[in-house]
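Between the sequences and the hints, there should be enough to build the whole structure, so can you do that?
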Amino acid sequence: MVAEALSTAGLAIAVVAVLLGGTYIAAVLDVVFTRLTMRIAVRPLAAAALPLRRAAQLALQRRTLTERPDAGTWALAPAVLGALAAVSLAVVPLTGTVIAVKADTGIVVFAAAMALVVVAVYLQGWSPNSPLSLVAAYRFVAEGLSYEIPFAVVLIGTALPARSLALVPIVTSQEHLWNVVRQPLGLPIYLVTVLALGFWGPLSLPEGQDVAGGTSVELSGVPRLLWRVAQLNVLVAVSAMGAAVFLGGWLGPWLPGGVWMALKTLFLLALLVASRQYFARVRTESFVVVAWTILTPLALVDVFMAGIQAMVAAR
Amino acid sequence: MVVRPLLARLAKKAPVPVFLIAGIGGDEIADRLRLDERLQVMDSPRPAMVLMIVGRLTSGLNGAALQVHDQMAEPRAVVRWSPSRLDASAAIFPHLVAAEAAAALGRAAVAARDDLLAGRLPSSPPLLPDVDPNPWRGVGPWGQGGAGMTGGVPYGRPLPERAKDRDGLQLDQLLVRVGPFMPALPEGLTLEVKLQGDVIQDVVVGENPFLEEAGSESRQEVSPALVAPADLAPFLAALRVPVAIAELELVRVRHHLRWLGHTLRIHGLTALGRRVLALSARVHLGGAGARGALATADVAELRRSLERNFTLAWVTRGIGRLSADQLAALDGGPVARAAGVERDERLADPAYLALGFEPVTRTRGDALARWRLRLHEAERSLRLAEIAGDGMTTVTGAVEGPTGPLGRGLAPSSRLLPLLPDLLTGLDWGDAVSTLLSLDLDLREAALTTPGSGAVPAWAW
Amino acid sequence: MEGGAAALTILVVALGAFLILRGAGDILNPPQSTAPSRVPFSGGLSPDTHAWNRYHVRYYAMALLFLAFDMEMVFMYPWAVVFVEEGLMALIEMLMFITILLFGILYTWREGAFRWS
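Protein chains in written order, with the numbering used here: chain A, 148 to 462; chain B, 236 to 696; chain C, 9 to 125.
Source of the hints: derived by calculation from the structure; they are not laboratory data. It cannot be assumed that every hint is accurate.
[Said to hold, decoys possible] A short, non-exhaustive set of chain B residues, derived as facing chain C with CB atoms under 8 Å: (1) V411; (2) R412; (3) G432.
[Stated by the list, open to error] To list a few chain B residues with every Cβ distance to chain C over 12 Å, as calculated: (4) E309; (5) R355; (6) V374; (7) G441.
[Said to hold, decoys possible] Example chain A residues on the side facing chain C (calculated, C-beta under 8 Å, incomplete): (8) F180; (9) S277; (10) E365.
C-beta atoms are modelled at their ideal positions from N, C-alpha and C, and glycine is treated no differently.
Put into structure tokens, the structure is as follows:
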């Protein structure tokens with residue numbers, strides 16, 4: 148009993164550490180990529196301290212009140228986003244044995260948690276009763292409904308070779324060949340859709356500069372800090388899942404499993420964070436059309452290819 | 236408490252979150268402030284700690300400036316620099332910190348932030364009276380003045396009214412007053428937008444806040460050179476006397492690059508936008524060959540990388556086309572040239588033709604064509620400046636400014652403003668902002684000439 | 009801990025952590041405001057009405073399409089686990105299911121549900 152409780156506590160600490168550490172690294176990566184794109188000196192030590200300094204500054208600021216907001220949902224929105232990211236990360240196996248949530252249907256838990264991100268972001272935009280953030284919230288729902296299907300279908304594709312929805316079998320099924328190689332459509336579609344999940348870079352419709360910051364237009368102080376942290380938490384969680392189901396998770400020669408997992412997660416995280424520098428923010432209408440007419444059919448093609456491969460392998 | 240000083244020490248070297256307000260004479264300084272690494276210019280006043288007022292605020296902007304000040308989260312401070320001694324902002328913002336020179340603004344903002352966090356400077360108190368728009372009257376259950384279904388307006392503001400929609404539904408129309416300090420829009424532009432969902436149903440352009448009241452004191456002191464945006468000054472001079480071609484073309488390049496930097500930022504490419512702003516700051520008016528000055532190769536490289544960026548093309552393709560009548564009203568300028576109308580005042584000047592000048596045109600006429608055209612023009616202008624040497628313009632009376640022809644009737648921005656309602660109706664919010672950006676409106680330039688107001692155009696002053 | 013209970017525990021604990029941090033922020037900087045400071049930001053002017061309204065969600069047709077595909081996803085989850093044992097028939101059946109839904113996308117596209125300006 149005690150051993151079980153201790154191991155649960157240890158696993159919880161591991162999840163928190165990965166989440167917070169990943170968030171901090173994502174913030175530093177953002178600073179580094181921004182400076183590289185601006186063609187100014189990167190100054191690594193200053194860049195490493197910058198997210199902490201900004202966080203301290205935000206912590207010393209008062210939070211904003213608006214006329215007649217929905218105070219409850221406004222307080223809950225960043226908490227819900229962060230909690231969903233925590234649950235999503237918890238189902239990802241960090242090594243062969245370190246998994247906080249051992250579920251037979253890990254993929255489903257992950258997809259379900261990430262589906263509720265739309266609700267959290269919408270609440271953040273709707274609660275302050277501000278016109279610009281309301282427009283941003285509804286824009287995001289359009290984006291959110293469109294990314295869900297390719298996202299979930301591509302994840303199902305990775306479950307096919309393993310014939311299981313649990314994450315440990317999915318990772319071990321990649322012992323001979325990673326899913327990124329045998330399902331080439333999977334990872335690109337996954338990366339595009341998780342940018343929408345984290346409303347980052349080209350898919351930052353709810354946070355756009357054209358709506359003066361959108362869902363965060365009325366945020367200041369600690370709520371603003373928590374919202375940013377929750378957003379980066381989501382990026383970390385989806386990078387970890389991508390590393391697990393597409394890049395073979397903890398599998399790899401010479402180095403211990405945890406290190407491989409960290410490297411692969413960081414690689415995907417860097418790709419996601421860097422996308423903000425090069426790609427302009429999409430138009431809502433264009434993205435919805437592309438998601439439904441290109442991404443969804445491609446995702447379905449990907450699932451079929453995976454299915455045929457799995458059947459052939461079973462013969 | 237021990238936490239506050241610890242956090243304050245950690246926060247000391249963070250970039251200061253500022254909200255910029257640029258008045259008359261402050262547009263170029265405001266862009267320079269965006270390049271300052273010690274500052275972080277925010278899109279909303281809420282997370283900002285320092286309100287930076289650059290230039291002189293007109294009476295039309297004072298109300299909005301006070302509103303924005305009160306909307307900032309505490310602790311907050313106000314820092315101001317103005318080139319005019321008529322500046323009244325010290326009376327409006329009693330706690331402001333005045334910077335001695337434009338170059339000292341960044342340092343003043345950092346000092347203000349450090350003092351705020353250390354407690355040495357008290358936070359600027361709310362300046363507008365604490366009056367509820369619809370006070371609680373306590374008769375009905377929601378604070379209305381009367382009970383029952385039609386018991387009066389509930390506490391706070393009323394709910395929006397219904398109106399018809401093209402889908403045959405009766406849905407609400409939200410009236411949003413987009414004010415003068417909206418970061419995505421040209422400074423000073425006020426729009427009353429009726430939104431259904433996020434599609435614009437109706438747009439009413441508000442008054443230009445940079446127009447001074449005729450006959451007011453400040454009007455007598457103000458010269459066009461002060462009201463006009465910084466980029467327009469040499470062109471206004473070229474209306475009367477010959478001016479060095481190199482200077483005109485370099486200022487044109489600077490204007491186009493500043494515009495591009497702003498546009499890229501609003502489209503989500505913030506770092507790229509800042510890089511372009513930095514390029515615009517490197518335009519060296521002393522001579523194209525000076526060290527560190529912007530060279531044609533830099534702009535050519537920028538143009539290549541931006542034209543390769545497929546997302547930028549995707550986002551601006553097909554947005555914001557003008558009809559043939561609207562183009563005819565424009566009488567030239569980059570917006571018309573992007574639609575194939577080959578009119579450029581420089582064609583009437585033999586000095587330009589001797590340098591081999593050819594106008595740049597595009598055919599599509601959408602936002603994509605406009606930004607590509609401006610970038611192409613910038614590259615050509617830089618090359619012209621390099622080969623022009625000491626050449627002077629030979630034609631006065633009309634000149635091709637960076638936004639369009641000057642000296643013939645209305646300024647280009649004055650011509651564009653009346654077209655806005657037709658242009659923006661039916662677009663969704665993001666497309667409307669893209670369209671507005673692509674038009675390169677400048678309300679300071681529009682203040683030089685205003686249709687129908689009886690104001691004398693600045694070039695006749 | 010078994011899967012569902014563990015996930016729920018983590019959800020609740022994370023929620024609590026975020027809310028506690030927000031509360032700590034309120035203790036460090038107590039929020040206070042005047043009526044003008046509470047006006048929602050739209051550039052410096054004041055609104056006439058609440059922002060909440062019967063918003064015209066123009067993508068309602070696309071939302072229906074999403075519902076259809078959501079149901080398909082629900083069926084794909086168990087299908088992914090068992091279909092190799094079931095053989096080629098399972099694959100063909102899912103192919104038919106998906107083709108019908110793809111026709112749904114085509115229909116929605118032709119009906120203009122993706123164009124809403």
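Legend entry - Enumerated hints in conflict with the structure, sorted upward: Hints 4, 7 and 8 contradicted; others consistent.
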